[in-house]
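With the hints as constraints, model all of the structure from the sequences given.
Protein chains in written order, with my numbering: chain B, 1 to 151; chain W, 1 to 151.
Think of the hints as simulated: they come from the structure by calculation, not from any bench.
Given the structure is predicted, the values throughout are model-derived calculations rather than measurements.
The C-beta atom is built at its ideal place from N, Cα and C for all residues, glycine as well.
Among the hints, erroneous ones may be present.
[As the list claims (entries may be wrong)] Straight line, CA to CA, 20 Å or less: simulated EDC-like cross-link-like pairs of lysine to aspartate or glutamate:
1. B/Lys57 x W/Glu149
2. B/Lys57 x W/Asp14
3. B/Lys140 x W/Glu89
4. W/Lys57 x B/Glu149
5. W/Lys140 x B/Glu89
[Unchecked claim] Simulated restraints on C-beta separations:
6. B/Glu22 x W/Asp14: 21 to 27 Å
7. W/Asp129 x B/Ser99: 19 to 25 Å
8. W/Glu125 x B/Ala33: 44 to 50 Å
9. B/Arg43 x W/Arg25: 45 to 51 Å
10. W/Glu72 x B/Thr6: 37 to 43 Å
There are 2 protein chains.
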Amino acid sequence: MDAVDTHILNILRDNARISNAELARTVGMAPSAVLERVRKLERKGVIERYEARINPKEVGLSLTAFTFVHVEEGVGTLDTGQKLAALPEVLEAHYTAGSASYLLKLRVSDTEGLAQLLQRIGRIEGVRDTNSTIVLRTLKETSAPAVVETP
Amino acid sequence: MDAVDTHILNILRDNARISNAELARTVGMAPSAVLERVRKLERKGVIERYEARINPKEVGLSLTAFTFVHVEEGVGTLDTGQKLAALPEVLEAHYTAGSASYLLKLRVSDTEGLAQLLQRIGRIEGVRDTNSTIVLRTLKETSAPAVVETP
DNA sequence: CATGAAAGTCATCACGA
DNA sequence: TCGTGATGACTTTCATG
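Here it is as structure tokens:
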């Protein structure tokens, strides 16, 4: 992980569909050398995947919410998390510190969709209660900050 | 937005670096036609951008936290949000319902990094207090669910 | 690790249906 | 909107510094 690698990461982070040739020109190296670095970053798991960001409103998902899910502590806690994560409306599922809880990021069509989803969540085994925060406006939404060299 | 468009979106959502030729083969159309559809989806803003997902731990960001920031209500509320969103450690900034607050998704190196960031946040004009939840384990982290046809 | 050459593949455009 | 065909650019591999 040298300066060239971080440069490559920062470019791909913002523009995953750039051609390898242009990427090479930008970092000032031969395309073959750059391709090898990218492959290595992929193999090492530094680059997890390439994804297109889709405007949620354009595909009928106008409502974003964050929901804390309080689960009964014990053996089944992780199972409950897996079931929560398996729901398509759940974009993110984090197991958090504090009283055995999950924090979910949800995307649904509207408040009616949220109500139905919360009902479904409430019926999952191990779920005690939920506490939702509705997003009124999103000011920033990225997946990673600029990469800095880490020796 | 027909079935072909949603098919294209679902493919690019999971693999933004697929070649247009292969994309065309997958959806069963000529490359030129598919390219035109993709360009149109980009122009309409349905596809916002293409990004590489970088493993945060591999670049020295091992700690994820969600932080509610309580701000003083009034004229400067939005300004405060902009300042919060401008911090590189802030991956997401959402203005939420409930007592004038922002919800931030943060990524830092460790608890020391979090402490320093919270101090910086606390000094931003208009910020009253913060309330953080630390992520112990992330079970799922995507940017969008499978796209379904929306007429 | 990087380069440069070579072969196959692809992006892109004009045109006709 | 779509498919075809042409062309220049690109990807990918490999032999070699």
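### Message
Could you work out which of the previously given hints the structure breaks and list their numbers from low to high?
### Response
Hint 9 contradicted; others consistent.
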